[in-house]
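Undergrad: If you want the building blocks of each chain, they are given just below.
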Amino acid sequence: MTAHGTPRNHDHAHRWPEISFQDRMDTVRFDVHERAHIVVDGSKCEGCSTQHCVVACPANLFVPTSDGGIVFNYEQCFECGTCYLVCNVEGAITWTYPDGGHGVVFRRT
Amino acid sequence: MDDRSLTTTDCDVVVVGAGPAGTCAAIVLARAGLDVVLLERGPFPGSKNMYGGVVYPRILDELIPSWWEEAPVQRWVTRRSTMVLTPDQALTVDFRSQRWGAPPYNGATAYRPDFDHWLAAHAEAAGAQLVCSTTVTGLLRDAGGRVVGVRTDRPDGDLRTRLVIACDGVNSFLAKEAGLYPPVDAANYTLGVKETLALPKDVIDERFGVRGREGVDIEILGGTGGVNGGGFVYTNLDTVAVGAVLKLPKLAAQRRRPEEIIAGLKSHPAIAPLVEGAEVKEYSAHLIPEAGLSMMPRLAGDGMLVAGDAAAMCLAAGIWLEGVNFAMASGMYAGRAAVEALRAGDLSTAGLAGYERRLSSTFVLRDHRKLRRAPSLVLSDRVQHVYPELITSVVERMFRVDNPAPKPGLRRIVRDETKRLGVRTRDLVRDGIDGLRSFG
Chain Z
1 MTAHGTPRNH
11 DHAHRWPEIS
21 FQDRMDTVRF
31 DVHERAHIVV
41 DGSKCEGCST
51 QHCVVACPAN
61 LFVPTSDGGI
71 VFNYEQCFEC
81 GTCYLVCNVE
91 GAITWTYPDG
101 GHGVVFRRT
Chain Y
110 MDDRSLTTTD
120 CDVVVVGAGP
130 AGTCAAIVLA
140 RAGLDVVLLE
150 RGPFPGSKNM
160 YGGVVYPRIL
170 DELIPSWWEE
180 APVQRWVTRR
190 STMVLTPDQA
200 LTVDFRSQRW
210 GAPPYNGATA
220 YRPDFDHWLA
230 AHAEAAGAQL
240 VCSTTVTGLL
250 RDAGGRVVGV
260 RTDRPDGDLR
270 TRLVIACDGV
280 NSFLAKEAGL
290 YPPVDAANYT
300 LGVKETLALP
310 KDVIDERFGV
320 RGREGVDIEI
330 LGGTGGVNGG
340 GFVYTNLDTV
350 AVGAVLKLPK
360 LAAQRRRPEE
370 IIAGLKSHPA
380 IAPLVEGAEV
390 KEYSAHLIPE
400 AGLSMMPRLA
410 GDGMLVAGDA
420 AAMCLAAGIW
430 LEGVNFAMAS
440 GMYAGRAAVE
450 ALRAGDLSTA
460 GLAGYERRLS
470 STFVLRDHRK
480 LRRAPSLVLS
490 DRVQHVYPEL
500 ITSVVERMFR
510 VDNPAPKPGL
520 RRIVRDETKR
530 LGVRTRDLVR
540 DGIDGLRSFG
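Protein chains in written order, with the numbering used here: chain Z, 1 to 109; chain Y, 110 to 549.
Derived by calculation from the structure, the hints in this document are not laboratory data. Remember, it's a predicted structure, so these values are computed and weren't measured experimentally. Glycine residues also receive a C-beta, built at the ideal position from the N, C-alpha and C atoms. Be aware that one or more of the hints could be misleading.
Short derived list, chain Z residues pointing at chain Y, Cβ under 7 angstroms [what the hints assert, rightly or not]: (1) E18; (2) R35; (3) H52; (4) V55; (5) G69; (6) N73; (7) F78; (8) C80; (9) T82; (10) V89; (11) G100.
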C-alpha cells in the first residue's frame, strides 16, 4: 500500500485489480447440503426473453445456455430471494430454504 | 401430522427466527415465565443475516440495561455523511458529534453474526430454548385455519404450540402461507450487496478522520450505475463495508450486475481513496423490504404474530435507514402482546390486537406512518437520476469563478440548471411538498 489517499494516477477504475468472481465467492462460507434447495426448470426458461435472474442474482448462479435455457447451480447461494422475485415465468423457480444448518454462513469475528 | 389432541402443546410459544425480532420476543416471553422455543435455521443466530452495517440499539434500554457495555460493537458512529454523486462530482454533508461516542450513544457498526449471536444468548439466559440448524417448512393449522404449530425439517419435527411468532425474515414464507401478505411485488424490495474490505485499523482511522472506537457512516445518493437505490460506506474496526442497495426491477432492467455496481462505487474519485488497496474479506447479499407501510402484511392472525423484516418493518427513508431497531422493537412488543394474550387465554386475531396497538403508539408504526411517502420518493427516477446532477451542478457553478463573467445569483443558477436538465417546476414543487410532508 502506498501513502494513504495519495492518488497514484488518474485512472481510478484501475487502481487495483478487481478480483475474479470466483475469488469473490470464495470469501463466503457455504455448508452445502446434498439437496438442492432451489430448483430451476430450464425448459420453462427457453421462452423467457428477459432472464432477469441472470443479471440480478448476486451470486451469479444463473447461466444462460446457447439454446436459450438456463443452467443453475444452488451451491453458492446467499438464500436472498432475488431470483424468484424477479422471475417472470410461473413455475420456473421452485424456491425453499436449505435444510437446517446448511447453506450460507456469514462470518463471526 | 400426529393425532394428538389439539389441546396438547409442546410449548407456549414457538418463535421462528433468532434474528433481532425473534430474539427480543423470546426474551420478553421467557422472562415472563413462559415456555418458549426459539428456532433458527442457521448453525448459529446471525449466520444468515447481513445488513449495511449500522444498528441503533437504544430500544434495548428496555431489555438489556447497559447493553453498550457488552454488545459486540465495532465502532460508535460519530461521523455521519450524506454524499450526492455524479460520475465526476461529489457533494458531501458531513456531520460529526463527539456526543455519539459516549453513552447512551447513537448508532454503532457491528457484524450481524456477532450481534445476533450475542443478543440470542440473552434469550437463552432468560430461559428460552434456542434450537439452531432447524428450518421451519410450514405451519400446522387446525380445521378452522388457526395456527397451532410449525413443521420443521427435523425427524418428528412437528411442534405444537399455543402461539407462533413469525420472525422468519424478509421472505417470510410463514406470513405468506398464513395469508397475511398482499400479493408480492418485486418493486417493493431492494437487493443489498456488500463487500467487507480488510484494512489496518490505523489506516482506517487516518483515512476517515476518526480515533479509537469512533466510526463513520456514509450514505450515498447516485453512483449506483443508473439503478435506483443508494450506496454506503461504513467503518468497522479493521474493515470497511462498501455496498449498494438496488431496486430489484431496475437492477434487472438495467442489465448491470450487482458486483459491477459495487466496483463502480469503489472506483469513484470520492470513494476510491478511502478503500484503496483493501482486500475483499467477505462478499454478501440480502434482500430488504423497502416499501415500508405500503407493503406491510396484516400483523396478526389466529394463533400467529409477525415481526421484524417478516412484517416489512425496515425503514428505508433516505436520510433514515434503519431496520434492526424496528425488528428488536416489533419483536419486543409482539412478546408483550403475546404474554397478555396467553394470560387472557385468547390467542385469536382479536386477542392479539395488543401487538398492533403497541406498535401504533410507539416509533415502530408512528415513524412508518409519518414516512409512508418517503420510500417511493427516495427511489423515484427524479430523486435518483435527475436531482443529484441538479444539486451538484448548482453547487459547482456557485463555487466556480468564471472571470471575467460576474457571479450569477443563486436563483439564476437554479433556473438555468433546472432548464438544462429538463426539470419541470411543478415536479420540483410536488417532490418538495412530498419531502416536507415526510421529513418536515
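Undergrad: Can Z:E18 be said to touch chain Y, with a Cβ gap under 7 angstroms?
TA: Holds - the Cβ of Z:E18 comes within 7 angstroms of chain Y, reaching about 6 angstroms at its closest.
Undergrad: Using Cβ atoms only, decide whether Z:F78 comes closer than 7 angstroms to chain Y, and label the hint accordingly.
TA: At about 4 angstroms, which falls below the 7 angstroms cut-off, the nearest Cβ of chain Y leaves the hint on Z:F78 intact, so it holds.
Undergrad: Under 7 angstroms is the threshold here; is the Cβ of Z:V55 close enough to any Cβ of chain Y for the hint to stand?
TA: Nearest chain Y Cβ about 5 angstroms off; hint holds.
Undergrad: Against chain Y, with CB atoms and a cut of 7 angstroms, does the hint on Z:G100 hold up?
TA: This interface hint holds because 4 angstroms falls under the 7 angstroms limit.
Undergrad: If you take the shortest Cβ to Cβ gap from Z:H52 to chain Y, is it below 7 angstroms?
TA: holds, 3 angstroms
Undergrad: Z:R35 was flagged as interface toward chain Y. Is the shortest Cβ-Cβ separation under 7 angstroms?
TA: violated, 10 angstroms
Undergrad: Given a cut of 7 angstroms on the nearest C-beta pair, is the interface hint for Z:T82 held or broken against chain Y?
TA: Status holds, d = 5 angstroms.
Undergrad: Can Z:G69 be said to touch chain Y, with a Cβ gap under 7 angstroms?
TA: violated, 18 angstroms
Undergrad: Was the hint right that Z:V89 lines chain Y, CB cutoff 7 angstroms?
TA: Check failed: Cβ of Z:V89 comes no nearer than 13 angstroms to chain Y, outside 7 angstroms.
Undergrad: Quick check on the hint: Z:C80 CB to chain Y CB, less than 7 angstroms?
TA: Since the shortest Cβ distance to chain Y is 5 angstroms, the answer is holds.
Undergrad: For the hint on Z:N73, does the least C-beta distance to chain Y fall short of 7 angstroms?
TA: violated, 16 angstroms
Hints 2, 5, 6, 10, counting from the list given before, are not met by this structure.
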